[in-house]
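Visitor: Using this note's numbering, read the sequence shown as starting at 1 and increasing by one per residue.
It is possible that some hints are incorrect.
[Stated by the list, open to error] Here are the simulated DSS-like pairs of lysine-lysine, each with C-alpha atoms no more than 27 Å apart in a straight line:
| hint | residue 1 | residue 2 |
| --- | --- | --- |
| 1 | 125 | 2 |
| 2 | 66 | 25 |
| 3 | 66 | 157 |
| 4 | 157 | 25 |
| 5 | 2 | 66 |
| 6 | 125 | 25 |
| 7 | 125 | 66 |
| 8 | 2 | 157 |
| 9 | 2 | 25 |
| 10 | 125 | 16 |
| 11 | 66 | 16 |
| 12 | 157 | 125 |
| 13 | 16 | 2 |
| 14 | 16 | 157 |
Since the hints were made in silico from the structure, they are not lab data.
All values derive from a computational prediction rather than experimental measurement.
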Amino acid sequence: MKIESSLPLFNRTNDKLDRLAINLKRAHDARDGFDLLEPGVIRASHAVTIGWSLQHIYRGIEGILKDVARTIDGENPVAGEYVTIDEDPPYGMTRHCPLLDQVTTPTPARPAVIDEHPELRGLMKFKYFIKNSYDHPPADDEVLEKLRTVDETVLPKFLTGLERLRDFLESG
1 MKIESSLPLF NRTNDKLDRL AINLKRAHDA RDGFDLLEPG VIRASHAVTI
51 GWSLQHIYRG IEGILKDVAR TIDGENPVAG EYVTIDEDPP YGMTRHCPLL
101 DQVTTPTPAR PAVIDEHPEL RGLMKFKYFI KNSYDHPPAD DEVLEKLRTV
151 DETVLPKFLT GLERLRDFLE SG
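Work out the full structure: start from the sequences and follow the hints.
Guide: Rendered as structure tokens:
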């Protein structure tokens, strides 16, 4: 998982993508053989491991997007107002929606960094659930579905957006 470029922004991005890949591997390792485990503490610990890895994957994506916002747009939108996430189940309040809103909107200095897609916002919401779940492990089917969504949709779309940004910046 790399974006080939000599631009400093992408050198930093690749360092973050390396850490993201470590968390993705940890989630895959916990998933492998999951169905062979009996329901109970061990299976729940695997679900928690996957959930925490997914949380770190979102945080890695967010860190890259913040770097883009600071470097190209000259601002960090996370300092904005809290936005209520009114979804079932309610995962609480977040200040991260303005960041996603900013990077999905093209500017004269750059194209949209990522395309708007509900899967990334769903991962953000899931991050808050994991962060605040304490003694309630996530449901097995929920973490496995989120991991599948990250593999099949979130990461491919994210990497495509970064490549589009790289191509734009290197052409200008």
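Visitor: Hints first: check each against the structure and report whether it holds.
Guide: Right, here's what the structure says about each hint:
Between residue 125 and residue 2 the alpha-carbon distance is near 26 Å, which keeps this suggested pair within the 27 Å criterion. Annotation: proposed proximity of residue 66 to residue 25 holds, straight-line Cα distance about 24 Å (limit 27 Å). Between the alpha carbons of residue 66 and residue 157 the distance comes to roughly 17 Å, so the proposed pair stays at or under 27 Å and holds. Proposed proximity of residue 157 and residue 25 is supported: the alpha carbons are some 19 Å apart, at most 27 Å.
With a CA separation close to 18 Å, the supplied pair residue 2 and residue 66 stays within the 27 Å bound. Distance check on the hinted pair: residue 125 and residue 25 sit about 21 Å apart at the alpha-carbon level, within 27 Å; holds. With a C-alpha separation of about 18 Å, the suggested pair residue 125 and residue 66 falls inside the 27 Å cut-off, and the hint holds. A threshold of 27 Å between alpha carbons decides the hint, and for residue 2 with residue 157 the separation of about 14 Å falls inside it, so the pair holds.
Only pairs whose Cα atoms come within 27 Å are accepted, and residue 2 paired with residue 25 is accepted, the gap being roughly 15 Å. Annotation: proposed proximity of residue 125 to residue 16 holds, straight-line Cα distance about 21 Å (limit 27 Å). Under the criterion of a C-alpha separation no larger than 27 Å, the hint pairing residue 66 with residue 16 is consistent with the structure, at around 12 Å. The straight-line distance between the Cα atoms of residue 157 and residue 125 is roughly 18 Å, inside the 27 Å bound, and the hint therefore holds.
Restraint check for residue 16 and residue 2: the C-alpha separation of about 10 Å stays at or below 27 Å, so the hint holds. Pair hint residue 16 plus residue 157 holds up; C-alpha atoms about 17 Å apart against a cutoff of 27 Å.
Going through the hint list in order, the structure satisfies each hint without exception.
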